[in-house]
Amino acid sequence: TQLLEQSPQFLSIQEGENLTVYCNSSSVFSSLQWYRQEPGEGPVLLVTVVTGGEVKKLKRLTFQFGDARKDSSLHITAAQPGDTGLYLCAGARTVNKLVFGAGTILRVKS
Amino acid sequence: EAGVAQSPRYKIIEKRQSVAFWCNPISGHATLYWYQQILGQGPKLLIQFQNNGVVDDSQLPKDRFSAERLKGVDSTLKIQPAKLEDSAVYLCASSSSQTYEQYFGPGTRLTVT
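If you're matching them up, the sequences are chains A and B in order. The first sequence stops at residue 110 when you use our numbering, and every number in between is there. The second sequence stops at residue 113 when you use our numbering, and every number in between is there.
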């Protein structure tokens, strides 16, 4: 059973387009993290959200934690080829215990 | 600050052979994790150490997988004997005790033929 469902599984867009990736669960999490993973590398932490309704911005990336702390979204504005990668969400019920979604593969074409 | 180090980066073995992976976490991080990431999936936790003690190994296939962290710093993960379905990337991560954030190494890509 996948605790965290990510959608879409795969996204191919042109440079300059906007996109949103979703991470949904029926479970409540204490925090939710987003990672980006490039081929041949480990996941790199982008952001941690801990408060229901919280919105965090990282340059062109906007992260939101749902009010009920069961879901999250990642929005990228004006995507660039350098944004290409696997985007993983991970939920934590307790400190030091993460459950990962299957990821969204993003490809940005120039 | 140095990141999480792993070696080797790539390994190709035949089924039924054994293999070992090494991980050195970020200095001062008490918690160390080993994950298995099969192509197209997110990382799955195999084992979690707090210092040199095991916190969670519920998803570790103990008939063939073993891991240790004898001095509470670096760690090794062993597979013996390997099966075709063990082909995956093995990721090591570490974190400090009071944070949600985990920091990952580059992983070891294992191919079992």
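These aren't lab readings, by the way, just hints derived from the structure by calculation. Hints are not guaranteed to be accurate.
[Claimed, not checked] No more than 25 Å apart at the CA atoms, straight line, and that leaves these computed lysine-lysine pairs for DSS-like:
hint, chain 1, residue 1, chain 2, residue 2
1, A, K97, B, K71
2, B, K11, B, K44
3, B, K62, B, K11
4, A, K97, B, K62
5, A, K70, B, K62
[Said to hold, decoys possible] Going by beta-carbon spacing under 7 Å, a handful of chain A positions derived as facing chain B:
hint, residue
6, F10
7, S31
8, E38
9, P39
10, G42
11, L45
12, T48
13, G82
14, L88
15, A92
16, N96
17, G101
18, G103
[Said to hold, decoys possible] Label-pair restraints from in silico Cβ distances:
hint, chain 1, residue 1, chain 2, residue 2, range
19, B, R64, A, E41, 25 to 31 Å
20, A, S110, B, Q59, 39 to 45 Å
21, A, T94, B, K71, 33 to 39 Å
22, B, I12, A, S30, 26 to 32 Å
23, B, Q59, A, V28, 20 to 26 Å
24, A, V28, B, D56, 46 to 52 Å
25, B, Y10, A, R93, 32 to 38 Å
26, A, D67, B, S7, 40 to 46 Å
27, B, N52, A, E38, 39 to 45 Å
28, A, K57, B, K78, 40 to 46 Å
Treat the numbers as computed from the prediction; the structure is a model and nothing was measured. Glycine included, each C-beta is placed from N, C-alpha and C at the ideal position.
We went through each hint and held it up to the structure:
Between K97(A) and K71(B) the CA atoms are separated by roughly 22 Å; this keeps the pair inside 25 Å, and the hint holds. Of the pairs offered as hints, the one joining K11(B) and K44(B) holds, with about 20 Å between alpha carbons and a cut-off of 25 Å not exceeded. With a C-alpha separation of about 21 Å, the suggested pairing of K62(B) with K11(B) holds against the 25 Å cut-off. Taking the CA atoms of K97(A) and K62(B), the gap is near 20 Å; set against the 25 Å cutoff, the hint holds.
Restraint check for K70(A) and K62(B): the C-alpha separation of about 33 Å exceeds 25 Å, so the hint is violated. Hint status for F10(A): violated, given a least beta-carbon distance of 10 Å to chain B, over 7 Å. At about 5 Å, the closest approach between the beta carbon of S31(A) and any beta carbon in chain B falls short of 7 Å, and the interface hint on this residue holds. Given the 7 Å rule on beta carbons, the hint for E38(A) is violated: about 10 Å separates it from the nearest Cβ of chain B.
Look at P39(A): its Cβ only gets to about 10 Å from chain B, farther than 7 Å, so that hint breaks. Given the 7 Å rule on beta carbons, the hint for G42(A) holds: about 3 Å separates it from the nearest Cβ of chain B. Interface restraint check for L45(A): the shortest CB-CB distance to chain B comes to about 6 Å, inside 7 Å, so the restraint holds. Against a cut-off of 7 Å between C-beta atoms, the interface hint on T48(A) holds, since the closest Cβ of chain B lies about 6 Å away.
Using the Cβ-Cβ criterion of 7 Å, the hint placing G82(A) at the interface with chain B is not satisfied: the shortest such distance is roughly 19 Å. At a threshold of 7 Å, the smallest CB-CB gap from L88(A) to chain B is about 5 Å, leaving the interface hint in force. Interface hint at A92(A): satisfied, since its Cβ lies 5 Å from the closest Cβ of chain B, which is below the 7 Å cut-off. Interface restraint check: N96(A) against chain B, minimum CB-CB distance 5 Å, threshold 7 Å, status holds.
The restraint placing G101(A) at the interface with chain B holds, with a minimum CB-CB distance near 5 Å, inside the 7 Å limit. Given hint, G103(A) at the interface with chain B, holds; its Cβ is 5 Å from that chain's nearest Cβ, closer than 7 Å. For R64(B) and E41(A), the hinted distance range of 25 to 31 Å is satisfied, since their beta carbons lie about 27 Å from each other. Between S110(A) and Q59(B) the CB atoms are about 40 Å apart, so this pair conforms to the stated range of 39 to 45 Å.
In this structure the supplied range 33 to 39 Å is violated for T94(A) paired with K71(B), their Cβ-Cβ distance being about 26 Å. For I12(B) and S30(A), the Cβ-Cβ distance of about 40 Å falls outside the hinted range of 26 to 32 Å, so the restraint is violated. Distance hint for Q59(B) and V28(A): a CB-CB separation of about 22 Å, consistent with the stated range 20 to 26 Å. A hinted range of 46 to 52 Å is violated for the C-beta pair V28(A) and D56(B), which are about 20 Å apart.
The supplied range of 32 to 38 Å is met by Y10(B) and R93(A), whose beta-carbon atoms lie about 34 Å from each other. Distance hint for D67(A) and S7(B): a CB-CB separation of about 44 Å, consistent with the stated range 40 to 46 Å. The hinted range of 39 to 45 Å is not satisfied by N52(B) and E38(A), whose Cβ atoms lie roughly 32 Å apart. With their beta carbons about 43 Å apart, K57(A) and K78(B) fall inside the hinted range of 40 to 46 Å.
Hints 5, 6, 8, 9, 13, 21, 22, 24 and 27 from the earlier list are contradicted by this structure; the remaining hints agree with it.
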